[in-house]
Amino acid sequence: MNPALPLPQQPLRQNLSKSPKTLGLKLYTALISTHKPYFRSSWATLANCCLQRWVCSSVLLSPPSLVDNQGELSSKQTWRASIDFKWIRENKDAVAANIRNRKSAGDVELVVELYEQSVNLSQDIDKLRSERNAVASAMKGKLDLAFREELIEQGKQLKEQVAELEGKLAVLSERLQQEGQRIPNMTHPSVPIGSEDVASLRKEVGSQREFNFPVKDHVELGLALDLFDFEAASEVSGTKFYYLKNEAVLLELALINWTLSQLLLKGFVPLSTPDLVRSTVIEKCGFQPRGQNTQVYSVEGTDLCLAGTAEVPVGGMYMDSMLPEASLPLKLVAFSHCFRTEAGAAGAATRGLYRVHQFSKLEMFVITQPEDSDTLHEELISIEEELYCSLGLHYKTLDMSSEDLGAPAYRKFDIEAWMPGLCRYGEISSASNCTDYQSRRLNIRYRPATPAATGTHQSPKSRKAKTTLPPLQFVHTLNATACAVPRMIIAILENNQQEDGSVVIPDVLRPFMGGLELIKQKSR
Amino acid sequence: MVKPVPIPTLWARARPFHNVSSRVADSDCCKRIPHSTHYKSQGEEDDKEVSFSKPTTWRASIDFKWIRENKEAVAANIRNRNSTGDVEQVVRLYEQSVSLSQEIDKLRAERNAVASAMKGKLDLARREELIEQGKQLKEQVAELEGKLAVLSERLQQEGQRIPNMTHPSVPIGSEAVASIRKEVGRQQEFPFPVKDHVELGLALDLFDFEAASEVSGTKFYYLKNEAVLLELALINWTLSQLLSKGFVPLSTPDLVRSTVVEKCGFQPRGQNTQVYSVEGTDLCLAGTAEIPVGGMYMDSMLPEASLPLKLVAFSHCFRTEAGAAGAATRGLYRVHQFSKLEMFVISRPEDSDILHEELISIEEELYSSLGLHYKTLDMSSEDLGAPAYRKFDIEAWMPGLCRYGEISSASNCTDYQSRRLNIRYRPATPAVAAAQQPPKSKKVKTTLPPLQFVHTLNATACAVPRMIIAILENNQQEGGSVVIPDVLRPFMGGLGLIKPKSR
Chain A
4 MNPALPLPQQ PLRQNLSKSP KTLGLKLYTA LISTHKPYFR SSWATLANCC
54 LQRWVCSSVL LSPPSLVDNQ GELSSKQTWR ASIDFKWIRE NKDAVAANIR
104 NRKSAGDVEL VVELYEQSVN LSQDIDKLRS ERNAVASAMK GKLDLAFREE
154 LIEQGKQLKE QVAELEGKLA VLSERLQQEG QRIPNMTHPS VPIGSEDVAS
204 LRKEVGSQRE FNFPVKDHVE LGLALDLFDF EAASEVSGTK FYYLKNEAVL
254 LELALINWTL SQLLLKGFVP LSTPDLVRST VIEKCGFQPR GQNTQVYSVE
304 GTDLCLAGTA EVPVGGMYMD SMLPEASLPL KLVAFSHCFR TEAGAAGAAT
354 RGLYRVHQFS KLEMFVITQP EDSDTLHEEL ISIEEELYCS LGLHYKTLDM
404 SSEDLGAPAY RKFDIEAWMP GLCRYGEISS ASNCTDYQSR RLNIRYRPAT
454 PAATGTHQSP KSRKAKTTLP PLQFVHTLNA TACAVPRMII AILENNQQED
504 GSVVIPDVLR PFMGGLELIK QKSR
Chain B
864 MVKPVPIPTL WARARPFHNV SSRVADSDCC KRIPHSTHYK SQGEEDDKEV
914 SFSKPTTWRA SIDFKWIREN KEAVAANIRN RNSTGDVEQV VRLYEQSVSL
964 SQEIDKLRAE RNAVASAMKG KLDLARREEL IEQGKQLKEQ VAELEGKLAV
1014 LSERLQQEGQ RIPNMTHPSV PIGSEAVASI RKEVGRQQEF PFPVKDHVEL
1064 GLALDLFDFE AASEVSGTKF YYLKNEAVLL ELALINWTLS QLLSKGFVPL
1114 STPDLVRSTV VEKCGFQPRG QNTQVYSVEG TDLCLAGTAE IPVGGMYMDS
1164 MLPEASLPLK LVAFSHCFRT EAGAAGAATR GLYRVHQFSK LEMFVISRPE
1214 DSDILHEELI SIEEELYSSL GLHYKTLDMS SEDLGAPAYR KFDIEAWMPG
1264 LCRYGEISSA SNCTDYQSRR LNIRYRPATP AVAAAQQPPK SKKVKTTLPP
1314 LQFVHTLNAT ACAVPRMIIA ILENNQQEGG SVVIPDVLRP FMGGLGLIKP
1364 KSR
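Protein chains in written order, with the working numbering: chain A, 4 to 527; chain B, 864 to 1366.
Hints in this document: simulated from the structure, not taken from any laboratory. The model shown is predicted, which means the values in this text are computed figures rather than measured ones. Among the clues, some could well be false.
Lysine-lysine pairs mimicking DSS-like chemistry, simulated, CA-CA at most 30 Å apart [stated by the list, open to error]:
| hint | chain 1 | residue 1 | chain 2 | residue 2 |
| --- | --- | --- | --- | --- |
| 1 | A | K159 | A | K399 |
| 2 | A | K219 | A | K399 |
| 3 | B | K1362 | A | K269 |
| 4 | A | K106 | A | K130 |
| 5 | B | K1364 | A | K269 |
| 6 | A | K159 | A | K143 |
Chain B is faced by these chain A residues, among others (derived, beta-carbon under 10 Å) [what the hints assert, rightly or not]:
| hint | residue |
| --- | --- |
| 7 | F244 |
| 8 | D278 |
| 9 | V315 |
| 10 | H360 |
| 11 | Q372 |
Using N, Cα and C, we set each Cβ at its ideal position, and we do this for glycine too.
Next comes chain A alone, as it looks inside the complex (with noise of 0.2 Å):
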């Protein structure tokens, strides 16, 4: 049987009845009356498929199989992206032109250039080494003490010259792996190339509504609704902050919960990440946190950041792992509050909730063999896009130009909402293919399954075994937004407004809160 709901207790009751202004008491009354179907309907199924899910999906659950013996678990002071360089070399020119395309800094021809200084370079170390190896030979039998000693003083001379050589590679793989981190990623060949005015539309759902009245914006709505305080978040933290009050609250957990539960049902693992994370987590995913016009806070004292999104602490959830084929792809949503600084925004459109230092988000992140990524870009595009259309917003689905693309993307998919209050289409979500961008610096592989059949003919023999098991691959990775509270608002609120200024709550949301369906004006 269904467990027992919380029913308010009688005192609550007649304070319910005297005092029907009361918000919170309006809400709760909307719950009790209106959450046992629609919490059983929506809640119940949901917790029966995501359980169905988390069982059928189990294997990917257990914690990632961290492989001690082949990653470097311990956090190192400087890292390395595992850069195919050699790739870089023989696709020289296509390198070039996607630089070229992106915008982007790189320099390819240093890159190559200092690729082969070092090859040379371990060539020439190999050689003295072979050489030294001989002289080192040539000493085990008898000699006369001559010879030993003209023996030793070459031995000690090829050592002296490995050792400067060893120390010039150093320097120069240093360089090498920091001229290789400036490389963005490459490009799929349907992205449109050009500045953000050439991004193509994918689709558009819906119109623009038509008001019969003067629009308002968000801000106007909701400071007459009494929903935000901008100005005592001015004071009490700086300008784009902002406090949500009364019926903002519960919007934002209702687009957490709902957009939640959308996700459990649709088989995503559920997380909650920490906020802050090292700041070199931050740079293998492909962010900056440091700089003047970085967008990254850094906590003082320690080498710990607030991170920007979940995509962070994801991705650095599954760092030095190696995964089973089997457990791929991996798909999860992770609650985060996320920070920005925002540096650099000044005049851009950032009246109201728009563009702020603080929000929450529901982040989507994918870990995939390199063959499904382009798919599952498409379903996490799909996903976003009948979320929102169960919002009953209006959006366009746009495929970012190449020169929009950040470092990480291999091809990026934004929607852009109408929000009429702004007049403006506003970007809500965004969704990335970073291919093996993040998974070669956050060092995140998988083994490709063994195909059955050689592996019946193997010998038993767990070193031969292991000489034909299918080399280690890098994992895509791709991140998607589910829900950016603070622009969902926004266009909510704008596309809902009623003529007196009060507020229709979407359907779909109606059930987390407590069947509430419209924000009205508070009685003063």
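Put chain B on the given structure of chain A with help from the hints.
Relative to chain A, chain B alone:
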């Protein structure tokens, strides 16, 4: 009936003791006034003398005169709380600054006299003499004013180190003397070997501490699978309960200016600070939503009719846990970040004791509904932070950790925070007096009752990780599965049991 509770707080002493019980019976007084009507807009209009600009250094409105008059009591209080402040020093600095002010006033008066004397016709010699006198007096005043500024600054610094006074019922001494107010339920007997939450949670795949220590450091954690749903259910359910009690929900900034942290009585700097600071800014990560919520009303004046203001805020809380090495640190007990719903109440001084009782009752009701066995403690004097006049902690039984662990704390800070945050209210003008008053605006203004500092209270509604510990450890079954408390099930889609996943 409830006994009238005396309110001999540091700052409310001038008020006659109220018949508090009559207020409890009067349900109307608890009716929530729509939130928007009382906030700053009105305060700003009514209260032009308040400075809204942010000073680089801020001043607490400490009642030094009262401290001087109650020197012995204040000194005893500091001793009882094992606190730092130096009353002797404060009184000495205060007296010095009073005499200095008087001297300055005297010199100013002389200077005025000189200025007046110069108004008439004077011979040149006399005029020059007066000019010289005026100049000297001006210099003297300037010099003394400089001294006074330095003295005031020291007085302010020393004054800020004086803790709040202590409720007469608070047990005096170390934490060992805390008195038990209430005990609900009892330690469950398990017919099988009990596991702690770490063991349970890892087997159920609910946490990842290992990855968190790589990504963020020790004492960080990931919640996974049903633990995430449990977190949300705890927040959703608790919030629904508090909404039904008339609390106004808030979602607050996690980053706040360091001055606001200070004004709430926390130390954002120093070696053992619990507070993370953000590089290159004056921002800190708030350790509790008490700070942004208190800060929300900073420098404002509230109409008496809006009080008490009952708020509940959701935030992520961040704590360095400096100096907590070796303490009970296993698993989720002491962590650097957690989700919390925090209650915050702003009230008239005469109501704060009753509201403190109300807050602890709400907490008790919540934890009882979750089926926990707990004790409510009246914390001892040495366990009170500087802002708290009285503090009730609730400790729940955690069978896996095999001890009682703090799951919540409810403090009455009386006017300690409001004197720093500058939150005041004007008691309603008695209607009769207003009617009898001549309508000249000047006159009316002078007869308005003086502004008073409000009292602030804060209380944990739900600190998620500790609730998860208590639920997992108390509700564990022999196979390692965990029963979800009844009240949370509707918020978890009816889920009744967290079971080990099949592999």
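Worksheet item: CA of B/K1362 to CA of A/K269, is that 30 Å or under?
Response: Given pair B/K1362, A/K269 holds - Cα atoms ~20 Å apart, limit 30 Å.
Worksheet entry | Satisfaction of the A/V315 interface hint, Cβ to chain B closer than 10 Å | Result: holds, 8 Å to nearest chain B Cβ.
Discussion item. Next pair to validate is A/K106 with A/K130; report whether the Cα-Cα distance is within 30 Å.
Written reply: violated, 41 Å
Fill in: A/F244 as an interface hint toward chain B, with CB separation required under 10 Å
This hint holds: A/F244 lies near chain B, its Cβ roughly 4 Å from the closest one there, short of 10 Å.
Practice prompt. Take the C-alpha atoms of B/K1364 and A/K269, compute the straight-line distance between them, and say whether it is at most 30 Å.
Written response: Roughly 18 Å between the alpha carbons, so the hint for B/K1364 and A/K269 holds.
Practice prompt. Given the hint that A/K159 pairs with A/K143, test it: the Cα-Cα distance must not exceed 30 Å.
Written response: Roughly 16 Å between the alpha carbons, so the hint for A/K159 and A/K143 holds.
Worksheet item: For the pair supplied as a hint, A/K159 and A/K399, is the alpha-carbon distance within the 30 Å limit?
Response: Violated: A/K159 and A/K399 sit about 70 Å apart, past 30 Å.
Worksheet item: Does the alpha-carbon distance linking A/K219 and A/K399 stay inside the 30 Å limit?
Response: holds, 22 Å
Worksheet item: Given A/Q372 as an interface hint, is the shortest Cβ-Cβ distance to chain B below 10 Å?
Response: violated, 21 Å
Worksheet item: Can we keep the A/D278 interface hint, with Cβ of chain B closer than 10 Å?
Response: The hint holds - A/D278 has a Cβ within 10 Å of chain B, the shortest such distance being about 6 Å.
Worksheet entry | Status of the hint placing A/H360 at chain B (closest C-beta pair under 10 Å) | holds, 7 Å
In this structure, the earlier hints numbered 1, 4 and 11 are contradicted, and the remaining ones agree with it.
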